[in-house]
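The primary structure of each chain is shown beneath.
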Amino acid sequence: MEAREQQLPITNSSIPSQTPTTSVNIVATGEALSWLSTLTRFHAGYFRISLSLCGQALLWKILRDPGTDAHALGPVIHIMPSAAFFVLWSLALFSLVALCLLFIIRCLFRIENIKAELSHHVGMNYLFAPWMSWLLLLESTPFLHPKTTGYLVLWWVFSVPIVVLDVKIYGQWFTEGKKLLSMAANPTSQISVIANLVGARAAAKMGWRESATCMLSLGLVHYLVLFVTLYQRFVGCDSLPAMLRPVFFLFIAAPSMASLAWDSISGTFDIASKMLFFLSLFLFASLVSRPATFRRSMRRFNVAWWAYSFPLTMLAMAATEYAQGEEGIVPNALMLVLSLLSALVTLVLVAFTFLKAGNLVPYDEPFAPSPSERTN
Amino acid sequence: MSKTTACFDGAECDSGLACQSPLATAVTSQGDPTAGKGKLCFKFVEDDTYFMNGSQVILSDDHIDIYIPMCWPIKLTVASIQGSETPRIQSQANSIKLPPPQSLVQANQCQQSNSISISLPASPSGITIGQAIKVVFGDAAGSAAIDEQLNQPSDSTISNSRAAKPGKFHSRSIPAGSSYGKAAAMGKVNGPLADQQRMPRSYSSRDKRFDSFKTWSGKLERQLSNFRGKPQEPDVEANDSDISIEAEAVPAVDRYFDALEGPELDTLKASEVSALPEDEKWPFLLRFPISAFGMCLGVSSQAILWKTLATSPSTSFLHVSLTVNFVLWCISLALMGTVSLIYSLKIIFYFETVRREYYHPVRINFFFAPWIACLFLALGVPPSVAENLHAALWYALMAPIFCLELKIYGQWMSGGQRRLSKVANPSNHLSIVGNFVGALLGANMGLKEGPIFFFAVGLAHYIVLFVTLYQRLPTNETLPRDLHPVFFLFVAAPSVACMAWAQICGDFSYGAKMAYFIALFLYVSLAVRINFFRGFRFSLAWWAYTFPMTGASIATIKYANEVTNVVTQILSVGLSGISTFTVTALLVYTIIHAFVLHDLFPNDVSIAITWKRTKLTKKLAHLRFASSDMKDIEASISGNTPQLP
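Protein sequences appear in the order of chains A and B.
Yeah, the first sequence ends on 376 if you go by the working numbering, and it's all consecutive.
Yeah, the second sequence ends on 645 if you go by the working numbering, and it's all consecutive.
Quick caveat, the hints were computed from the structure, so don't treat them as lab data.
Honestly, I wouldn't trust all of these hints.
Take a look, some chain B residues computed to stay more than 10 Å from chain A by CB distance [as the list claims (entries may be wrong)]:
hint: 1; residue: Ile452
hint: 2; residue: Val457
hint: 3; residue: Ile463
hint: 4; residue: Cys505
Derived CB-CB ranges, DEER-like [claimed, not checked]:
hint: 5; chain 1: B; residue 1: Gln417; chain 2: A; residue 2: Pro241; range: 36 to 42 Å
hint: 6; chain 1: B; residue 1: Thr311; chain 2: A; residue 2: Asp270; range: 29 to 35 Å
hint: 7; chain 1: B; residue 1: Phe517; chain 2: A; residue 2: Pro241; range: 42 to 48 Å
Beta carbons are placed, not taken as given, at the ideal position from N, Cα and C, and that holds for glycine.
Based on the sequences and whatever the hints tell you, model everything.
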């Protein structure tokens with residue numbers, strides 16, 4: 001198979017007595033091929049990066065929203081000129097496009113690995129991540145108003161895959177043998193829930209309240225089941241490797257996103273949204289007070305660290321909406337602290353990415369297809 | 001006299017080191033005296049007898065010293081296989097029982113606090129090669145086990161052990177004149193005791209049994225005694241501290257489930273033995289459980305009930321006076337003060353015991369009880385005492401609840417062994433109810449965001465707990481097959497949640513009504529099964545189960561305020577009557593147990609479980625050195641070949 005051949009590295013030693021130019025060509029080709037091989041190993045988990053950046057862009061957009069109390073954010077707003085926001089938005093767009101391209105290349109060359117990824121209990125959830133990132137980017141677009149046709153078309157383009165994936169994955173939860181919820185549930189399963197909620201919020205911004213409510217109810221009912229299952233922690237649930245402990249922060253993201261979605265559907269930050277926001281705050285406090293859970297994953301920089309940023313950003317967004325509805329010092333203080341925290345974490349992660357880019361490059365293929373899936 | 005230090009090495013013995021054969025065999029061999037090494041090979045026979053790390057045998061010309069870092073009473077029987085004479089132990093009988101340890105010591109750091117000396121029969125050459133000494137280690141108290149946390153790689157030959165495997169032994173030379181030697185020399189070894197339970201009745205040895213349960217292993221008490229000018233304890237005490245006795249680590253949660261049974265996990269299983277003597281009355285503070293705060297819960301909720309009865313429009317036809325509320329409130333205040341004082345003393349003097357209670361899967365929930373009782377006191381405060389309470393009181397009371405639930409819910413989510421599917425039991429409702437009671441009080445005080453916060457957290461975790469308990473997962477071991485008063489805690493959360501939601505929303509809305517109907521349904525479904533509540537031993541924790549009934553009554557009265565008709569009024573009067581009657585009956589029971597039967601505070605065995613698991617059956621626990629036994633042993637051994645190095 002063509003894919004097979006490209007995986008074989010070509011070394012000098014295996015080629016006897018070649019002329020110098022030919023050997024250089026072969027070395028160059030070999031290097032190019034191994035480079036290509038590395039490129040195709042960028043799995044869906046890398047979309048955490050685009051997710052975080054798009055989330056940050058949306059947060060900054062909401063912070064600059066006229067509804068926000070200017071007094072509390074006065075100094076912060078001045079630091080953040082619109083040019084900076086545009087730079088961030090462009091960075092988010094660039095990262096998303098690059099990752100999508102890489103993923104398309106991967107689809108072309110390593111289709112068996114994609115299939116293995118789809119059936120892996122962690123990997124399958126990150127297939128929602130590209131669509132979520134596109135939706136978040138759409139919402140934060142400075143030049144596209146929600147009521148335009150372009151926005152509508154793009155919303156449909158990005159939401160239909162989410163619904164299709166929903167049908168596949170949620171259906172698996174209660175029908176298929178190995179992929180039963182009690183066996184497959186892990187904190188990353190919340191990404192599927194969050195994807196529905198993001199879609200719901202985007203739809204509500206458009207004015208399409210029924211679709212928004214539909215996606216919201218899908219997300220909420222599965223969130224209820226998942227929340228209980230994850231808290232119960234059946235023995236089969238512990239299949240999350242220690243390196244992926246940062247995804248526990250997704251516990252924070254889901255209620256925050258639900259709070260935001262309900263807020264955009266109902267129009268005001270009413271008591272249900274407040275309760276979801278407070279639950280999210282409590283879970284944040286609970287995770288932060290257990291640093292030992294994350295110790296092992298913090299030894300070496302890897303792409304899982306990007307899992308910290310997106311939930312914090314969602315929490316900050318919910319705090320911002322809360323502060324917009326409430327007067328007083330505590331809501332504004334919460335908004336300020338959480339926004340700064342999420343911005344700081346994202347900044348640190350971007351810095352780490354540039355400084356330690358080598359750590360991020362995938363040298364191993366994490367989703368090996370099972371022998372039965374190999375085509376011959 | 002040459003001293004030889006031997007090492008035990010399971011691997012060096014023959015492959016017959018299986019755990020199934022009935023005896024341990026010791027073969028002594030005198031190696032080259034100049035080399036100073038001999039080898040003892042111990043063959044494990046009873047899979048319930050184990051050596052701990054650091055066991056040593058010192059061979060002398062005429063006696064063998066065996067140092068065993070045993071942490072429990074051990075009975076040693078020595079017999080011989082080859083050689084005609086039975087070696088004599090330096091005591092009258094052929095079996096000696098080592099006394100229970102002075103304090104429980106962690107197995108892998110067990111210092112050698114017990115030693116026996118076996119004098120061998122006088123023979124011209126001392127110990128001869130080939131002479132086999134058969135040493136049977138039996139556990140008289142029935143609590144021998146290997147350190148299950150040691151995780152030693154076992155010999156591949158020992159594949160039959162059911163439980164933890166025999167540990168590996170490594171040699172350590174005993175420097176002459178060490179504390180161990182001193183300990184042996186000082187005759188810490190007691191002579192044989194007819195009944196191993198009976199301890200020397202000296203003050204010092206009785207005291208030390210409880211040392212591991214005291215704060216800093218009893219050092220605090222000694223300090224305080226020094227401050228108060230009490231006479232110094234005898235020298236034996238000083239030697240104890242030479243041998244550093246470490247406080248026993250608190251058992252893991254699995255240990256609690258293995259060792260205890262019963263709906264409140266307060267009864268020792270038959271195969272277990274308590275770390276403290278069961279036939280004596282322990283110190284009072286040691287017997288005072290945290291579930292005593294349940295009394296405060298019960299009485300203070302009654303105060304709230306009578307206040308509601310007096311002030312609600314729907315029950316105004318009863319003409320209840322506020323004096324009842326005042327009296328009850330004062331009683332509950334006094335009770336709360338007393339119980340808190342006693343428990344604070346327990347924290348100061350028996351901190352280790354408090355830690356053990358904290359790690360108990362059922363008792364941990366009762367750590368919420370003091371704060372919930374204070375919240376009840378604030379809710380039931382008579383109007384004549386205080387009309388409006390300051391908001392700072394609310395924050396002060398909710399802060400400990402917040403910290404506790406951060407810890408406990410965090411453990412459910414990601415805390416290793418204490419996963420909810422394993423530890424869920426009805427007492428967990430106590431950790432949830434605190435949220436709703438706090439929300440109710442805060443809403444009464446006029447706070448807005450705080451009550452919503454705690455209501456949200458409580459609701460989310462209540463859903464999880466409710467589903468888990470209803471599932472009655474097979475991995476969940478603590479739910480009793482029969483009903484027990486603890487099941488009434490199911491009624492607590494919805495009834496308080498209903499009242500809290502009504503206060504937050506301002507009126508008795510549909511959400512509150514739905515919660516109320518759920519509470520009512522659970523109450524009725526438990527009440528019709530009243531027959532299943534018979535036959536349980538009274539315990540102080542039963543007081544904690546009365547407050548759900550009272551809560552349901554109060555919720556009914558509030559509902560009757562909203563929907564006033566004959567049915568609701570009858571219901572409110574009826575439920576209030578039932579709860580008052582139950583509390584009165586409990587009061588009578590408590591008084592009887594306290595003053596007539598004197599067993600209101602029985603020995604709290606659930607905190608005195610041993611650290612190690614036992615596999616011995618009762619049969620072995622009562623193994624006595626009897627000639628018939630010896631014959632059986634000899635007969636079974638005769639087929640074995642002695643192990644020679």
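Structure-based check of each hint:
no., hint, verdict
1, Ile452, "5 Å, violated"
2, Val457, "5 Å, violated"
3, Ile463, "7 Å, violated"
4, Cys505, "8 Å, violated"
5, Gln417/B - Pro241/A: 36 to 42 Å, "19 Å, violated"
6, Thr311/B - Asp270/A: 29 to 35 Å, "31 Å, holds"
7, Phe517/B - Pro241/A: 42 to 48 Å, "45 Å, holds"
Checked against the numbered hints above, the structure violates hints 1, 2, 3, 4, 5; every other hint is satisfied.
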